[in-house]
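Student: These two chains come separately, so use the hints to put the complex back together.
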Amino acid sequence: AQSVAQPEDQVNVAEGNPLTVKCTYSVSGNPYLFWYVQYPNRGLQFLLKYITGDNLVKGSYGFEAEFNKSQTSFHLKKPSALVSDSALYFCAVRDPYGNNRLAFGKGNQVVVIP
Amino acid sequence: DTAVSQTPKYLVTQMGNDKSIKCEQNLGHDTMYWYKQDSKKFLKIMFSYNNKELIINETVPNRFSPKSPDKAHLNLHINSLELGDSAVYFCASSQETGLRQEQYFGPGTRLTVT
Numbered sequence: 016a017q018s019v020a021q022p023e024d025q026v027n028v029a030e031g032n033p034l035t036v037k038c039t040y041s042v043s044g045n046p047y048l049f050w051y052v053q054y055p056n057r058g059l060q061f062l063l064k065y066i067t068g069d070n071l072v073k074g075s076y077g078f079e080a081e082f083n084k085s086q087t088s089f090h091l092k093k094p095s096a097l098v099s100d101s102a103l104y105f106c107a108v109r110d111p112y113g114n115n116r117l118a119f120g121k122g123n124q125v126v127v128i129p
Numbered sequence: 645d646t647a648v649s650q651t652p653k654y655l656v657t658q659m660g661n662d663k664s665i666k667c668e669q670n671l672g673h674d675t676m677y678w679y680k681q682d683s684k685k686f687l688k689i690m691f692s693y694n695n696k697e698l699i700i701n702e703t704v705p706n707r708f709s710p711k712s713p714d715k716a717h718l719n720l721h722i723n724s725l726e727l728g729d730s731a732v733y734f735c736a737s738s739q740e741t742g743l744r745q746e747q748y749f750g751p752g753t754r755l756t757v758t
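From first to last, the protein sequence lines are chains X and H. Using the working numbering, read the first sequence as starting at 16 and increasing by one per residue. Using the working numbering, read the second sequence as starting at 645 and increasing by one per residue.
One should not assume that every hint holds.
[As the list claims (entries may be wrong)] Sample of chain H residues lacking proximity to chain X, with all beta carbon distances greater than 12 Å (derived):
1. 652
2. 653
3. 681
4. 688
5. 730
6. 732
7. 749
[Said to hold, decoys possible] Below 27 Å or equal to it, Euclidean Cα-Cα: the simulated BS3-like pairs (lysine-lysine) are:
8. X:92 with H:685
9. H:653 with H:711
10. H:685 with H:663
11. H:685 with X:121
12. X:73 with H:715
13. H:715 with H:684
[To be verified] Ranges between beta-carbon positions, derived for each pair:
14. X:32 with H:658: 47 to 57 Å
15. X:31 with H:716: 42 to 52 Å
16. X:69 with H:656: 19 to 29 Å
17. X:18 with H:698: 22 to 32 Å
18. X:77 with H:660: 45 to 55 Å
19. H:656 with X:54: 37 to 47 Å
20. H:674 with X:45: 17 to 27 Å
21. X:129 with H:711: 27 to 37 Å
22. H:698 with X:128: 42 to 52 Å
23. X:55 with H:727: 20 to 30 Å
24. H:721 with X:56: 39 to 49 Å
25. H:653 with X:99: 16 to 26 Å
Everything labelled a hint here was simulated from the structure, so no lab data went into it. Where is the CB? At the ideal position from N, CA and C, for every residue including glycine.
Okay, chain H solo, but in the shape it has when bound (with noise of 0.2 Å):
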C-alpha cells in the first residue's frame, strides 16, 4: 500500500501554461507539506496544512496556490509556469500530536518547464 502518493511522476511543460500536482496520504495523518527540491538536492518547505488549515506559507510567488480539500489530500497548482519552477516537488505527510513526528514522503514530481 502506497503510504503518499503523488501524480504526476513527471511533468513536462512550456513557459506560461498552468498545471497541478495532486498528492494523497492514506496514514491517517493530520499535516501534509509540499516541498521543492533544487537541482543541487537542497530541500525547501514551501507550505504546510494541518487539518485542511494552512499553516505554513513560506516566501513563494503567489503563481503557487495549494489546495486541501480533505485531511488526506493536498494538491499544488501552479499558474503562469517559470523556467525557474523546473524542479523536484515532494508532498509529506506526518502526525503533529504524540511522539510519531516524522515525515513520510511521497515519490516527488519531477517538473521541467521548458
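If we strip away everything but chain X, and leave its shape as in the complex, we get (with noise of 0.2 Å):
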C-alpha cells in the first residue's frame, strides 16, 4: 500500500527567506503525487501535483515541488515566505494502479516569523 512520509513536526522559518517541506512517499510503479494546505478551520486546498511530465511542478501562491524518483521525495518550496503561508501542509500519494485511495502525511505546521 502507498505512504507518504513528512518527517518534521512543524517548519519555522522568517519572513523572506526559503521555505521548504519535505515529502518521501513509498508506492509500487509511478505516483501521483499532491501537495495540500489546511488553514485554520478550513478545508484542505489543493496546491499543485506531479502525474507526470517535467519533474520541478508549478503550483498557486509561489510554491513549487520537485519530484525526485530515485530519492523517493517531492519536497515543497517556496523562494521567499510569508507570513500568509503559515499553515498545516499536507503531502499526498496515490498508486496510479490501485483504486483512488489517496494516503495522506501526518502534515506540517508551518510556521512563517516575521
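Tutor: Now the structure itself:
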C-alpha cells in the first residue's frame, strides 16, 4: 500500500527566507503526488501535483515542488516565505494502478516568523 | 460559487443519537469521498464513491453509512454516535479520468459528541 512520510512536525522560517517542507513516499509503480494546504478551520486546498512530465512543478501562491524518483521525494518549496503561508501542509500519494485511494502524510505545521 | 459544500458546518449532539452530514459538489466530478480528521490533524479516508458506486470502504464501524443519490451528492449517516466519533469530517470530489485527478475538499463538518 502507498504511504507518505513527512518527517518534521513543525517548520519555522523567517519571513522572506526560503521555505522547504519535506515529503518522501512509498508506492509500487509510478506515483501521483500532491501537496495540499489547510488554513485554520478550513478545508484542504490543492496546491500542486506531479502526474507526469517535468520533474519541477509549479503551483499556487508561488509554491513549487520537485519530483525525485531516485530519492522517492517530493519536497515543497517557496523561495521567499510570507507570514500568510503559515498553515498546515499535507503531502499525498496515489498509486495509479490501485483504486483511487489517496494516502496523506501526517502534515507539517509551517510557522513563518515576521 | 462553492465547489464542494457541506452541511452542517458544526454539529453538537449527545451519545447514542443518529445524525447525517450532507455533501454536494458542482464541479461535475465523478468521484466523491469522505475523510475523517482527528484531533491530531491526521486525515483518514473513510469512503469513496465513483458514479454512485462504492469503491472504497475502509475499516469504518458499520454505524457509518454513506449514501450517494447521484453523482453530485454524497451523504454520511452516523448511527448511535460515540464520543470517539468527535472529529472534523471532510467531503471531497475529483475527476478520475484524465490528468486532473486532484481532490477538492469541502469546508468540513466539526462533529462534537457529548
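Student: Does each hint hold? Answer for all of them.
Tutor: Status of each hint after checking the structure:
1. Taking the minimum C-beta to C-beta distance to chain X, about 14 Å, the non-interface status of residue 652 (chain H) holds against the 12 Å cut.
2. Once the 12 Å rule is applied to beta carbons, residue 653 (chain H) is inconsistent with being away from chain X; the minimum gap is 9 Å.
3. Chain X draws residue 681 (chain H) into its interface by the beta-carbon criterion, the shortest separation being 9 Å against a cut-off of 12 Å.
4. Distance check for residue 688 (chain H) against chain X: the nearest CB is about 8 Å away, which does not clear 12 Å, and the non-interface claim fails.
5. For residue 730 (chain H), the condition that its CB be more than 12 Å from all CB atoms of chain X holds, with the nearest at approximately 16 Å.
6. Not every C-beta of chain X lies more than 12 Å from that of residue 732 (chain H), the closest at about 9 Å, which undercuts listing it as non-interface.
7. Its closest Cβ contact with chain X, about 4 Å, brings residue 749 (chain H) to no more than 12 Å, contrary to its assignment away from the interface.
8. Pair hint residue 92 (chain X) plus residue 685 (chain H) holds up; C-alpha atoms about 22 Å apart against a cutoff of 27 Å.
9. Restraint check: the Cα-Cα separation between residue 653 (chain H) and residue 711 (chain H) comes to about 19 Å, which is no more than 27 Å; the hinted pair holds.
10. Our distance criterion of 27 Å between C-alpha atoms is met by residue 685 (chain H) and residue 663 (chain H), whose separation comes to about 22 Å.
11. Between residue 685 (chain H) and residue 121 (chain X), the direct Cα distance comes to roughly 7 Å. Compliance with the 27 Å bound is thereby established for this hinted pair.
12. Pair hint residue 73 (chain X) plus residue 715 (chain H) does not hold up; C-alpha atoms about 31 Å apart against a cutoff of 27 Å.
13. Between the alpha carbons of residue 715 (chain H) and residue 684 (chain H) the distance comes to roughly 31 Å, so the proposed pair goes past 27 Å and is violated.
14. The hint said 47 to 57 Å for the Cβ distance between residue 32 (chain X) and residue 658 (chain H), and at roughly 48 Å that hint holds.
15. Between residue 31 (chain X) and residue 716 (chain H) the C-beta distance comes to about 44 Å, which sits within the given range of 42 to 52 Å.
16. As the Cβ distance of residue 69 (chain X) to residue 656 (chain H) is approximately 48 Å, the hint placing it in 19 to 29 Å is violated.
17. Taking the beta carbon of each, residue 18 (chain X) and residue 698 (chain H) are about 23 Å apart, inside 22 to 32 Å as hinted.
18. Take residue 77 (chain X) and residue 660 (chain H): their Cβ atoms lie about 49 Å apart, and the range 45 to 55 Å holds.
19. A hinted range of 37 to 47 Å is violated for the C-beta pair residue 656 (chain H) and residue 54 (chain X), which are about 23 Å apart.
20. Evaluation of the 17 to 27 Å hint for residue 674 (chain H) and residue 45 (chain X) yields a pass: the beta carbon distance comes to about 22 Å.
21. Roughly 47 Å separates the CB atoms of residue 129 (chain X) and residue 711 (chain H), a value that falls outside the hinted 27 to 37 Å.
22. A hinted range of 42 to 52 Å holds for the C-beta pair residue 698 (chain H) and residue 128 (chain X), which are about 46 Å apart.
23. A hinted range of 20 to 30 Å for the beta carbons of residue 55 (chain X) and residue 727 (chain H) is consistent with their spacing of about 24 Å.
24. Between residue 721 (chain H) and residue 56 (chain X) the beta carbons are some 24 Å apart, a value that contradicts the proposed interval 39 to 49 Å.
25. A hinted range of 16 to 26 Å holds for the C-beta pair residue 653 (chain H) and residue 99 (chain X), which are about 23 Å apart.
Hint compliance for this structure: hints 2, 3, 4, 6, 7, 12, 13, 16, 19, 21, 24 are not met, and every other hint is.
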